[in-house]
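*Asks:* Here are the chains, one letter per residue:
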Amino acid sequence: MIAERFDYQSPTRLADALRLLAADPDGTRPLSGGMTLVPMMTLGLAAPEHIVDLKRIPELGGIHEEPDAVRIGATATHHDIATDPRVRLHAPLLADAAALVGDVQVRNRGTIGGSIAHADPAANYLPALLALDAVIEARAKRGGLLRNATRSRRIPIGEFFAGLMATCLAAGEIVAAVHVPKQLAATHQGAAFRKFARVKGNFPIVCAAALVERQSSGERAGCVAIGGALPIPVRIALPGGQAAWAAGEVETAIRQAIDDPMSDANASADYRLEMAAVHGARAVEAACRALDDGERSA
Amino acid sequence: MRQPVRITVNGRELEADADTRKLLVNLLRDDLELTGTHFGCGTGTCGACTVMLNGRCVKSCCVLAVDADGAELLTIEGVANDAPHPVQQALAECHGVQCGFCTPGMVLSAIELLQDNPAPSDAEIREALAGNLCRCTGYVNIVAAVQLAATRMAQGDA
Ligand SMILES: Cc1cc2nc3c(=O)[nH]c(=O)nc-3n(C[C@H](O)[C@H](O)[C@H](O)COP(=O)(O)OP(=O)(O)OC[C@H]3O[C@@H](n4cnc5c(N)ncnc54)[C@H](O)[C@@H]3O)c2cc1C
Ligand code: FES
Ligand code: FES
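These protein sequence lines map, in sequence, to chains A and B.
First residue of the first sequence: 143, per this note's numbering; consecutive thereafter.
First residue of the second sequence: 6, per this note's numbering; consecutive thereafter.
To be clear, the hints were calculated from the coordinates, so they are not data collected in a lab.
Glycine residues also receive a C-beta, built at the ideal position from the N, C-alpha and C atoms.
The calculated lysine to any residue pairs, modelled on SDA-like cross-linking and capped at a C-alpha distance of 20 Å, are:
hint, chain 1, residue 1, chain 2, residue 2
1, A, 197, B, 11
2, B, 27, A, 151
3, A, 342, B, 48
4, A, 342, A, 238
Derived list of chain A stretches under chain B, where covered just means 3 residues or more per stretch with a C-beta under 8 Å from a C-beta of chain B:
hint, stretch
5, 146-152
6, 185-197
7, 247-254
Pairwise CB distance ranges, derived in the manner of DEER restraints:
hint, chain 1, residue 1, chain 2, residue 2, range
8, A, 155, B, 131, 37 to 45 Å
9, B, 88, A, 298, 56 to 64 Å
10, B, 87, A, 327, 53 to 61 Å
11, B, 77, A, 155, 22 to 30 Å
12, A, 209, B, 161, 42 to 50 Å
13, B, 124, A, 341, 21 to 29 Å
14, A, 294, B, 161, 50 to 58 Å
15, A, 361, B, 124, 42 to 50 Å
16, B, 161, A, 231, 34 to 42 Å
17, A, 341, B, 161, 35 to 43 Å
18, A, 287, B, 86, 57 to 65 Å
Model the full assembly from the supplied sequences, consistent with the hints where possible.
*Replies:* Listed below in structure tokens is the structure:
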């Protein structure tokens, strides 16, 4: 049972939800899977006066293929994303990240929109979306007198996170969808996701997403994105002009990019940095292996 | 603040007037007296409160009761017909139950797994049950029980 009183509405129209959110932006919280917000309310860590459930709004759900991207609705669950054939085909890195969120029950309920908006720096999706150059579609009620007028803007993922558990969303603004550019074919690009947690199913201490591709010169270019080391996820370009990277080289690049690692009860700053370097390097190694396999099969 | 909730629980249509602050696990246990759904951590980590909502396992401590309006629920009270469900039978035979606190959640998670994957590997069983903590058994006998249930359900003799 939650201690503080609140009212609950579950509109089916986006304009209605945005109007409710705009009416009292500070006292209102959107609700998606509730896997984070409901426990926070039970524990008294959040006490909104109004809850606006987003799950019954069709525009915010579903997964759609676009010419160059996959549009994932904010209320798509981790299970939806992990099992959708279009995501598996065009954004396998994201599908892998989704499949490793928590446990079955968490994946059946939790959503990508809730995860991104909550902006826990160790959340699985963040490094994957950063490596893939995803774009967040945000929606809000438009100011002025028109009841149903809404505005939409697109925010590159690299500009979305403002600090520890903070985003650039304005009060009353929500994540409506995530646009994930399609990955290249396996013959040209390799990707890998790694999650490191204390116990299977736990929230990660760090996680890493690597993306490497073959350039026309035959050399490889790539990046590794790390979540959980700094207050916001970071994307690190791998040294260019090479055919492969030694683990030590990747680890050094990661250590240089993470100047002031976070520290908490799960992991000290030193340990966190060490795990970021080790698991980041393993992600790059796995992505290179995937690309080797892809090239051989070409 | 109270709101009406219409749900189908184990095939029975029910109406309740729920305080918005009530969690689904509270509604089941306190209002509907379905106390087989257990209340452990209350914050999404232990899996004792697992129920099936529209065919998929969820942790009912992370669902507002009012949010379950219109949903179809299966709780542990609804899984057996005349005889125990094959998963329940196998858990008893394999000594996969000790105190029983985790068992309702384990049973529902195993049922969801076997619906999707009738012949799982041990690793797949462990993955499917990872959201359910057991303080007693050490899991080995639970995994064995799910294997036994899978075999029997595939043979159709359970
Ligand atoms: C046991 C357990 C294990 C977990 N393990 C992992 C893990 O391994 N990796 C991982 O990444 N995550 C993990 N999580 C977190 C999980 O992924 C949550 O589902 C997710 O963080 C929040 O998504 P939600 O849909 O449940 O959001 P909610 O709990 O509904 O909301 C979270 C926050 O976002 C806001 N919000 C929700 N939707 C929107 C929206 N569309 N636009 C703007 N704001 C919104 C809410 O107001 C709230 O502040 C775990 C959670 C649990 C309980
Ligand atoms: S009581 Fe719900 S997960 Fe522990
Ligand atoms: S049997 Fe006691 S918690 Fe699992």
